[in-house]
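There are 2 protein chains.
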Amino acid sequence: MTATKTELIQRLLTPGPTAVPAAVLREMALPIIHHRTKAFEAVFAEVGQRLARVMKTAGPVLSIAGSGTTAFEAAQVSLARPGSKVMAVAGGKFGERWQDIFDQYAPALNLKPVKLDVPWGEAVSPEALEAFLGEHGDVDLIALVHSETSTATACDLKAIVEVVRRKAPEALLIVDGITSVGAMPVDMDGWGIDVLVTGSQKALMLPPGLGFVGLGPRALDRLKQFKAGPSYNLDLRRWLKSHAQNTVPFTPPVSLIRGQRVALEMIESEGLEQVWARTRMLADASRAAMDALGLTLCSKSPSDSVTGIFYPQGADDKKFRNRMRDEFGIHLAGGQDGRGASWSGKIFRISHMGFVTIEDTVAAIEAAETVLREMCPDLPGKPGDAVAAARAILDRA
Amino acid sequence: MTATKTELIQRLLTPGPTAVPAAVLREMALPIIHHRTKAFEAVFAEVGQRLARVMKTAGPVLSIAGSGTTAFEAAQVSLARPGSKVMAVAGGKFGERWQDIFDQYAPALNLKPVKLDVPWGEAVSPEALEAFLGEHGDVDLIALVHSETSTATACDLKAIVEVVRRKAPEALLIVDGITSVGAMPVDMDGWGIDVLVTGSQKALMLPPGLGFVGLGPRALDRLKQFKAGPSYNLDLRRWLKSHAQNTVPFTPPVSLIRGQRVALEMIESEGLEQVWARTRMLADASRAAMDALGLTLCSKSPSDSVTGIFYPQGADDKKFRNRMRDEFGIHLAGGQDGRGASWSGKIFRISHMGFVTIEDTVAAIEAAETVLREMCPDLPGKPGDAVAAARAILDRA
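The listed protein sequences derive, respectively, from chains A and B. Basically the working numbering = 1-based index in the first sequence + 4. Basically the working numbering = 1-based index in the second sequence + 4.
If we strip away everything but chain A, and leave its shape as in the complex, we get (with noise of 0.2 Å):
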């Protein structure tokens, strides 16, 4: 093994930002046009078309300058109505930032946000919900997180919709897709989902810039019940009337939009059916392996996009991960800490979002058993266990 340390040669393997195919790479290198012409109004009109077809819906997808959060944070405000119950779901970081969010809006638009927690690791169960709506079923609006990047875990996202629908009627929903759209089975239109929520850097191949809000047609429909909130930026009604025309209300990242169109270009060349298989496949793959090292994932209820994995006593994080990176190139991610579990220094993470093949992913594993297994000789079997188990599912498939 040489040292590898510039980035030029590192695997990005992180639950976002995520590795960017060359392709995209080269697109966005192109020189600057303007946004109020043509050209851009063909490839932004092609991206909000690709973008409904990965969504599975007839509604229109706003792209929205920012983060995931402020997607996410945009839908929340535009659509709670003044006075209203909310309620966000969390088992993660995540989770808990949408409660957070209800909360810092909650005196200006005199919301009553109620919170439905579980434990860190698992997936809230339809049971679960159905009991809490049965206390809350006057709430209004929902947010809730299909894949939990900081967990690894995803939800059983078709029966949650369902008891939301049976149980919270006048409900809107919103769902946090950020790392399940293009990464797992998602039917916008097909499960009724009100507004899914997506970012640039996960699964859409894309550098970090933009966040994406599909909307259905009860959204739309509320959009037009009441006034703006407060905010300017994050008002939809105003995404949304420029979106008619192909464009949007402020200057956008005109670079980062022609490079996502070139990415949904690819994930639809490939077919979407065939990407999520793919991204099953790794984690499938990713699980095998570590189940081989006698390793604990951190989810009862695993997402594909990420695999979540409990260090084994002797492992150090710092330690692991920097010789992962120096070392054999591959770039992990550590936990993260929140109100319901610190997993800082605790677990790793391997994504299998967007642009990872078979080899990175084998080459993630084999130099993962490496450093482990010198970490903590303890560990059961022998050298090449994980990746024999990995590639037994990859050789299947």
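Simulated from the structure, these hints should not be mistaken for lab results. You may find that some hints are simply not true.
A pair counts as met if it fits within one copy or between any two copies, since identical chains are not told apart.
Stated by the list, open to error - With a straight-line cut-off of 30 Å between C-alpha atoms, the simulated DSS-like cross-links for lysine-lysine are: (1) K231 to K116; (2) K60 to K323; (3) K119 to K231; (4) K60 to K116.
Owing to the predicted nature of the structure, the values given are computational and were not obtained by experimental measurement.
Put chain B on the given structure of chain A with help from the hints.
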């Protein structure tokens, strides 16, 4: 003249987005690095330091994903003390936007907005501001535009700040320097500007997607005085806390920030004063050329970053700008509409900000003269007079 319909050989002389140098485009095309790394933190810190030198401030300069409007709204909502009187000065589309944002937050924060309007094409005078503040000395927050892009007008910012300090010593001043920072003299600390906002896609030679907020000591002090307003993303307290650790609270546009480092390096290599002088010279040359054609500038107090010109009788906006673009490969901006005027179709604008050379400007003037003389045979002088007038300025330099 051959048709140059492709953007690859167009000169983008619009006042944002502006052309991006190849070295910056190339830097942005590097493989993505993760934002929670020493490598990114070093880039981020360097961008912050260079921005502070360009703004001439010892205070922190925050980098916020989004447009210039995102950054300006963040300053407004984060610094507006609940229950206070706030004020925005408008003489164009952007000043009107800052008025709208105060209005939009007024119910949530119990703000009492007041407005000082000046006619489009005029700058607010120190005298008018002094008279207005004589009646509103209790104003707690003032937003005003240094260079109003929609009308190509700049105010005497140094004199304006003096009036604010004298007549409303308790008020904080937020300055929209979106098309002035990096284009014309601005001395944040020397003049006593509390908050200075700019954007990436103007004189800073980057694609759109980043806004920047410089914070002086009085602004930093006020951020500690009361709790945040409604917004989560736009709460500067959150950004400031992360900034101290060379990072941001939400996944940042890493490729844009890396590009910004190179663009700022280019500005500092040329020398900030030299950049200002070049911009001024291109503006002077353009103004002399338009004068030679007998045309009237939009502004009685023209900005150096962009020149706005009323069309002469007989010229058609769409036809003129389409020919400029399609035959000559020169992309100019038209006019905008607002509460104070409707200049769409009535003016055109040539930008001098950022990556614009003498040759770009001469080419634009020569092409504009050619097309306008064809459209309006009664224009004074003879073909070549406009270019000669510009050349007289450029040769002196």
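Evaluated hints:
In this assembly of identical chains, K231 and K116 lie within 30 Å of each other by CA distance both inside one copy and across copies; the values are 18 Å within and 19 Å between. Taking the shortest Cα distances, K60 and K323 never come within 30 Å of each other, neither inside one copy (42 Å) nor across copies (41 Å). Proximity of K119 and K231 under a CA criterion of 30 Å is satisfied in both settings, with 25 Å inside one chain copy and 22 Å between copies. Neither within a single protomer nor between protomers do K60 and K116 lie at most 30 Å apart by alpha-carbon distance, with minima of 32 Å and 45 Å respectively.
In summary, the numbered hints that this structure violates are 2, 4.
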